[in-house]
Structures are given as structure tokens and as C-alpha cells.
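K.L.:
Sequence:
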Amino acid sequence: MRRLLIKNVGPIRDVDLELKRFNILIGPQSSGKSTIAKILSTCSWIEKETATTQNVHAIPDGESFTALVESFHKMAGYFNDGSEVLYDTDYVCLHYLNGALDVVLKEDNVYKRKKVCYIPAERNMVTLPELQGYEFKATNLRSFLFDWFAAREFFGPDNKTNILDLGVKYFFDGKEPVEKDRLEHSNGESYGISLPNASSGLQSVVPLVIMLQYYLGQYYNDYGAKLSFVDGEKKHRLQLALMGKYVTSRIPEDAGVDKKTLVQNFLREVYDGNEEYSSWLKEFESAYKSLTIPQYTDLIIEEPEQNLFPATQKVLVEKLVGACCDSEHEHGFTLTTHSPYILASLNNLIYAYQVGQKHKGQVIGILPEKYWIDPESISALMVKDGVVENIVDADLMHIMAEKIDSVSTCINEEFDSLMDIDMYGTDR
0 MRRLLIKNVG PIRDVDLELK RFNILIGPQS SGKSTIAKIL STCSWIEKET ATTQNVHAIP
60 DGESFTALVE SFHKMAGYFN DGSEVLYDTD YVCLHYLNGA LDVVLKEDNV YKRKKVCYIP
120 AERNMVTLPE LQGYEFKATN LRSFLFDWFA AREFFGPDNK TNILDLGVKY FFDGKEPVEK
180 DRLEHSNGES YGISLPNASS GLQSVVPLVI MLQYYLGQYY NDYGAKLSFV DGEKKHRLQL
240 ALMGKYVTSR IPEDAGVDKK TLVQNFLREV YDGNEEYSSW LKEFESAYKS LTIPQYTDLI
300 IEEPEQNLFP ATQKVLVEKL VGACCDSEHE HGFTLTTHSP YILASLNNLI YAYQVGQKHK
360 GQVIGILPEK YWIDPESISA LMVKDGVVEN IVDADLMHIM AEKIDSVSTC INEEFDSLMD
420 IDMYGTDR
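Using numbering that gives the first Met the number 0, you'd call the opening residue of the sequence shown number 0 and step up by one each time.
Think of the hints as simulated: they come from the structure by calculation, not from any bench.
One or more of the hints may lead you astray.
To be verified - Restricting the straight-line Cα-Cα distance to at most 27 Å, the calculated cross-link-like pairs of lysine-lysine (BS3-like) are:
(1) Lys288 / Lys19
(2) Lys259 / Lys281
(3) Lys159 / Lys19
Please build the complete structure, drawing on both the sequences and the hints.
P.N.:
Listed below in C-alpha cells is the structure:
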């Protein structure tokens, strides 16, 4: 369960969302889609920070909360005296109201650590040569770039990867002095260019595809090998907090015995076969693993269709959904989009799931099962005039794609009027 409520923040007047595994936000430009996505990103990070430090004051107060949102996502001026944000999950409840922040860590459930990846519309900035050596402020763009730098190194000259069905392969060549991101024809012979010299479509889709492939896959093999000293310190503090929660707080007090001796005596009891103490240790180990090792990735992607031909948008949607569903990890995503082709492609995957319940073999021949979307796992909302409208048909459970393509009706009506004049003249 995840609920996000936002009131009076930027263009958003009153929004109350039940977030699912897959979430789609559509609407006119400047309607507030990105505002919702950015606040969701911040709240998800605070949830992780609170749970993995066992500290409800990880963000100490309301002023720190708004400063974090405004600086990290470049949203200065969005908050006012009437602003409210509520983020309620199985693990935390975060409530910002009247300038104050209240965070509650729920004790009944152990948080499942996740990797939050924010992939902005400005992702083609990775092609700028002046990025190298540039000092970025702590913003979502810097976070994205650091994630990109980590992801691209996996795809070296010996591990080139295809970019959808576009007939090109990407690889990172660390030996190149400046333009290290390289593309070549899939046959490896026709041409080889740098990413900055590629088309705008490739400059947009390559970072997106590389991030998908890495953070929905290889990242889980690499995690732990690149922990910093700060990460190590945080883990040590977490161990102490969890040991107190699951072990020392349960052991009967013994006057004059310090905590270190208490833990040593506890471990001795476990070694000697004390079943109750052994169960406490298993709880500690399970919680520590859940809080320190990522269990899944939560992607927040702005305008995945950017600069892409409709047919490529369809392939991209299938790539994204397939990478999320064909995994031992329960990955999810939130998309902001203006594209009817993105919505129509998602609808096909929903329909494949529905028809596949009765005719699995036949449907697999058209769309493999890894692409199917359970309609219960997806939400689609139109953001307009500061509020949201559910655009999932209650009966069919399909996204109402016409909500994003209503302009086609106007265009067709205008064309028909012009054709009438052309064929019959103005006196008709």
C-alpha cells in the first residue's frame, strides 16, 4: 500500500493517489505531472533513509523537507502556507502540514530496501562533453548522472549491448579521451560514432535503455562491491539499532552487566541451542538483510517517448515492462507521458494478460508472458487543473487512451469542414 496526497504545491491543488506497481501520469504541459513525480521521488528517498537508519528525524523538520524538495528538484517557490504532503506506506507515514514535518516509522513491517532511479526528461545531457570535471550541485540531475556513470561502465568494449531494435549497439570505451560513449552498427562494421554525434532520438533513448538494463539487472550483482566508508558507517549504526530492537531490549535486565557483555552472553546462549534466542537472531538477520540489500528498483521516468518514432515507443514499452516482470525482483515504475502510443502499447499488454487467462498458448504466440501486465497492478491518471482523474475504464480495466489524444477529434472535425468547403463550396 502506498498513498500520496499533495495539496497546494506548485500547479497541484488537491491530489490523492493510490500508487501501484506501475503508475502512469498524463496531462497537458505544466499541469503538475513532474511535480507529483518529484515529490514521490523525494518521499520514497525519505522513506528509505528513515527505515535504513531507524531514525524518524533523518529529515529533522518541515523547513528541511521543503528545502530538500526545492533544491534537489529545482522547485523553489512551489510551497506556501497551505501546502500539504502525505506519504503513507506499509513502512512509514510522512506528513508535512502547516510548515511542520511528522514522520512515523511503522514497527509491524520491515522495510524492503529499494533503488530509486529518477530518469529526467533532460537525460540527453549525458552527451555534453563539458560534463567531465564539472561540479554539480546536489540536484536530481546530479543523482541521475552518478547513476548513469555507474551503469555505463558495465557495458565495455567486451560487453556491447543492443539498443532496442534500432540496429545499433552501445558500449563505453574508457580509453577514449573525451567522447567515451560509443555507438556502432549491429554488424560491427558499417560505422562507429560517439553518442554526442548520434541522432536526438538515440541521445534520448540510449541513456534510458542502459539505465533500465543495469538497474533492473546487473546492479544487484554489483551492489556491495562499491560501498563507501560512509555506507559502512551507516551499516554499523544500523546493526546497533537493530540489535537493540530485536535482542538486547528483550533480554531480562541484569544489574551491572554492560551491553557488550549482554550481547556476548546472548550469542553464547544461541550457540548452546536456546531456541527463543535463536529466533531473535533470525529476526535480526532478516531485518538487517532487508534494510541493507536492495530488493527491487523503483523507476521514475519523465517522457520515455522523447524524440522516438511511434514504433520505437512500442518496443521501448515492451522492453521496460519485460525487464520489470521477467525478474526475481518486483521492480516497478512511474511514467509521465504525452504519448498516446505509450498508452496504447500498455493497453495491449494489459489485454494480453486478460486474454491469456483463458488462451495462454495463443497469446504467448503474439506477446510473451513476460510482457503481460495484471490490470490490478497499474494505475493511470490524468493531471489537469490541479487535480487528477482516474483514466482506467472501470469495466474493461484498460487505460482510456483517447484522453490523451482528444485533439485528434478536433483535428479531424476541422479537416472535414475544410473538405466540405473544397468539395461543395461555401454556399453548402
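K.L.:
Please go over all the hints and tell whether each is borne out by the structure.
P.N.:
Hint check:
The suggested pairing of lysine 288 with lysine 19 holds, with an alpha-carbon distance near 24 Å, which does not exceed 27 Å. Distance check on the hinted pair: lysine 259 and lysine 281 sit about 19 Å apart at the alpha-carbon level, within 27 Å; holds. The hinted pair formed by lysine 159 and lysine 19 fails the criterion: a straight-line CA distance of about 34 Å is larger than 27 Å.
Checked against the numbered hints above, the structure breaks only hint 3 and satisfies the rest.
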